[in-house]
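S.K.: Below are the chains, spelled out letter by letter.
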Amino acid sequence: NAGVTQTPKFRILKIGQSMTLQCAQDMNHNYMYWYRQDPGMGLKLIYYSVGAGITDKGEVPNGYNVSRSTTEDFPLRLELAAPSQTSVYFCASSYGTSRTGELFFGEGSRLTVL
Amino acid sequence: AQSVAQPEDQVNVAEGNPLTVKCTYSVSGNPYLFWYVQYPNRGLQFLLKYITGDNLVKGSYGFEAEFNKSQTSFHLKKPSALVSDSALYFCAVCDGGATNKLIFGTGTLLAVQP
Numbered sequence: 001n002a003g004v005t006q007t008p009k010f011r012i013l014k015i016g017q018s019m020t021l022q023c024a025q026d027m028n029h030n031y032m033y034w035y036r037q038d039p040g041m042g043l044k045l046i047y048y049s050v051g052a053g054i055t056d057k058g059e060v061p062n063g064y065n066v067s068r069s070t071t072e073d074f075p076l077r078l079e080l081a082a083p084s085q086t087s088v089y090f091c092a093s094s095y096g097t098s099r100t101g102e103l104f105f106g107e108g109s110r111l112t113v114l
Numbered sequence: 001a002q003s004v005a006q007p008e009d010q011v012n013v014a015e016g017n018p019l020t021v022k023c024t025y026s027v028s029g030n031p032y033l034f035w036y037v038q039y040p041n042r043g044l045q046f047l048l049k050y051i052t053g054d055n056l057v058k059g060s061y062g063f064e065a066e067f068n069k070s071q072t073s074f075h076l077k078k079p080s081a082l083v084s085d086s087a088l089y090f091c092a093v094c095d096g097g098a099t100n101k102l103i104f105g106t107g108t109l110l111a112v113q114p
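Sequence order for the protein chains is A and B. Reading the first sequence from the start, the letters are residues 1 to 114 in the numbering used here. Reading the second sequence from the start, the letters are residues 1 to 114 in the numbering used here.
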């Protein structure tokens, strides 16, 4: 099992460009999440999904979009990149809800917006 | 609103000594509490969780955590620290409602000196 796979691992964007961070899991988990990690700020939830076709906003959704067309994939779209979106992005999945289920994290995608 | 606080940015301990990493929480309902560890350039890994039952929870790598309802705390402990325990530790909380959102603290860097 590969677990949770994120691509790319590193990316530099110019202000105003767009890109998609890819996330795939092979554990047949219903729940998937996108977090961003900033120094001294911990992890902030951007979006999450409880199953294919169902997504919802987290704490910091502005500037991002997601889709969940399959159980396996949960891409994160950045439109009109801004320097404030420079961060490390983590995708995670779980079998059960956050309340009881252990989250499995990918290795992260480091994004720099210049 | 639920929240979690980790009052120490860094904890230093000598190898072989006991360690404690502090965490306090605030939720409106029953707390679901978690500890995760992050090694350099990696995603977070689950250590342990408290949902209900015994106040002392045992987890991976010899770690344990003590739930204290009156002090709203969930401190992470280990009787004898190893240099390999050096990492970033995150406390997280999820409320008992339907929000399904795991809220992370800002993290505590544990440095174990040989």
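Hints may be right or wrong, so weigh each one.
[Said to hold, decoys possible] Listed next, the in silico BS3-like pairs over lysine-lysine satisfying Cα-Cα at most 25 Å (straight line):
no., chain 1, residue 1, chain 2, residue 2
1, B, LYS22, B, LYS58
2, A, LYS14, A, LYS44
3, B, LYS101, A, LYS57
4, B, LYS22, A, LYS44
5, B, LYS77, B, LYS58
6, B, LYS77, B, LYS22
7, B, LYS101, B, LYS22
8, B, LYS49, B, LYS77
9, B, LYS49, A, LYS44
10, A, LYS9, A, LYS44
11, A, LYS44, B, LYS101
12, B, LYS49, B, LYS22
[What the hints assert, rightly or not] So these bits of chain A aren't anywhere near chain B, every CB distance computed over 12 Å:
no., residue
13, TYR64
14, PRO83
15, VAL88
Hints are computed from structural coordinates only; laboratory data are not their basis. Since we're looking at a predicted model, the values are computed, not measured. Even for Gly, the Cβ is constructed at its ideal location relative to N, Cα and C.
S.K.: Hint by hint, note whether the structure agrees.
M.R.: Status of each hint after checking the structure:
1. B:LYS22 - B:LYS58: holds, 16 Å
2. A:LYS14 - A:LYS44: holds, 23 Å
3. B:LYS101 - A:LYS57: Roughly 10 Å between the alpha carbons, so the hint for LYS101 (chain B) and LYS57 (chain A) holds.
4. B:LYS22 - A:LYS44: holds, 20 Å
5. B:LYS77 - B:LYS58: holds, 10 Å
6. B:LYS77 - B:LYS22: With Cα atoms ~9 Å apart, LYS77 (chain B) and LYS22 (chain B) stay inside 25 Å; holds.
7. B:LYS101 - B:LYS22: holds, 21 Å
8. B:LYS49 - B:LYS77: Within the cut-off at roughly 13 Å; holds.
9. B:LYS49 - A:LYS44: The hint holds at about 19 Å.
10. A:LYS9 - A:LYS44: It holds: about 19 Å lies between the C-alpha atoms, which stays within 25 Å.
11. A:LYS44 - B:LYS101: Distance of about 10 Å is within 25 Å: holds.
12. B:LYS49 - B:LYS22: Roughly 15 Å separates the two Cα atoms, so the pair holds.
13. TYR64: For TYR64 (chain A), whose nearest Cβ neighbour in chain B is about 16 Å away, the distance exceeds 12 Å, so it holds.
14. PRO83: The claim holds: PRO83 (chain A) sits with its nearest Cβ about 21 Å from chain B, beyond 12 Å.
15. VAL88: violated, 9 Å
The structure shown violates just one earlier hint, number 15.
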